[in-house]
Amino acid sequence: MSKLKIDKELVDSILTAQLAGTIDEDADFTPLQGLSQPSVVFDFHGVTMLNSCGIREWVSFIAKLPPATRVTYRRCPQIIIEQINMVHGFFREGAVIESFAAPYYCEHCDKESKVLLKTAQVQNRHAPTQACPHCGEANMEFDALEEQYFHFLKNQG
Amino acid sequence: MSKPERIAIFTKDDELYNALSLALSPLSPVVRSPDSLDNKTLALVDERKGPAINDLKSTLHMPWLFWIGQREDKEHIQFIHEHRLHHLIGLDAVRTPWEAELQIKKIFAGKDKWWGLKPYLSQGTTTDGFSLSDSNKRGTDQVQEILKLQDWSEFFDSPQEHLALMANELVSNALYNGPEEKRSGSAHYPIDRKDPVFLRGSELVQVNMGIDTHAVGLSVMDCFGTLDWTKTVDSLHRGFQEKTVQYKKGGAGLGLYLAFSHGNQFIVNRRAGLRTEVICLIEKNRRYRQYKGRLKSFHFFEEASS
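Going line by line, the protein sequences match chains A and B. At position 41 of the first sequence (counting the first as 1) the number is 41 in my numbering, and the numbers step up by one without a gap. At position 134 of the second sequence (counting the first as 1) the number is 291 in my numbering, and the numbers step up by one without a gap.
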């Protein structure tokens, strides 16, 4: 039984699909088949796991979308970013990655934060400055290896 | 094979040598860079500050060889694949002596003490676990329950997500690959991962997890023993080289690669035809960056057929 929940919303001919749960071998993308909208946004905020068979299911699914469909990936969680840095094919060629979570660490209050970054904020694979949401410290440290973590952005214009 | 009679450490790094010597001397006499080696010596080779790499390759025939590498993980897997290494320690300034002590202790302890998380967690550490005999939910809910029981205060923010994924991949492999390969004698008739699987009789997949002062350990053990060195290393090698899913009946061909990539130490214990255990360790760390920057280690312990 699929542990993936998909909610759809259509506004101004842009379809937004919110995905939540686990993308695995049982993931059922039937609710998204036959999409005819020119623009589709996939919001991954609620996705908690993406396993190897789930990547295969996803790659098969997006390959069936019409070539002219404009695809956007929104709010990709950190565990998803890690997976797509390790396995090719999750991002459809030409798709836009709008936003994703990134780990930061505050030396001042010793707390880690997952910050939602817009892709445009990352220039030359350098993490933007972020203030600590816990203590207000102005400059948290990016807590991953930039070259490795931002690898998935290499094909983004 | 009997136990080694001495340990030879090849390194030019005095600090590392002193730390390793201190950790290992209770197990056996320790010598530094001896001129000759025999089959009763366990060799621990630091490629970083050791002799030239070509000289070090003369140690590759040793029955007990622990290689300390400082290259990228992908290169390490290539090296393991090329030279049929069973033990490669990803160099880490702080943790290498601790890891070498744990892994080499297993060689001296004897094969009956290889199994489970006990060799890796401090004495008295409590572990939590469960058994599976079918593919219903693949233990996902039980893993989540165990994860909730642990104290994560000394870890970075997300080890639970990594452990849940590693458990998922390893449990699926154990349930789907092990029984079919054992019964058919080959891996050519894989089961579709969407199909249910029911193990027979006393066949079980056992999952355990525990945390001590150094690390969190995850163990997934089957009672089939079909995952041998060649399958393990070929799978890791393909994962690093190709980084793509396979479109075939059965798994996507990346489960071991992902389990390896999300941990710090990847350990396999195997008794051919009887049981295989995959253990993944994530070392205690407050910083995600250090967890990701740690070069990964690989260990394969094979019980010789009796």
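Don't take each hint at face value.
[What the hints assert, rightly or not] DSS-like, lysine-lysine: derived pairs with alpha carbons at most 30 Å apart: (1) 449(B) with 114(A); (2) 64(A) with 197(B); (3) 154(A) with 275(B); (4) 5(A) with 114(A); (5) 8(A) with 351(B); (6) 275(B) with 305(B).
[Claimed, not checked] The calculated label-pair distances, taken between Cβ atoms and stated as ranges, are: (7) 96(A) with 178(B): 53 to 61 Å; (8) 31(A) with 400(B): 53 to 61 Å; (9) 133(A) with 178(B): 23 to 31 Å; (10) 290(B) with 5(A): 23 to 31 Å; (11) 60(A) with 240(B): 46 to 54 Å; (12) 349(B) with 5(A): 17 to 25 Å; (13) 358(B) with 60(A): 30 to 38 Å; (14) 193(B) with 93(A): 52 to 60 Å; (15) 125(A) with 214(B): 35 to 43 Å.
These are computed hints drawn from the structure, not numbers from a lab. Owing to the predicted nature of the structure, the values given are computational and were not obtained by experimental measurement. Backbone N, C-alpha and C fix where the C-beta goes; we use that ideal spot for every residue, glycine too.
Checklist entry - Any hints this thing doesn't respect? Which numbers, in order? => result Hint check: 2, 3, 8, 9, 11 fail, others pass.
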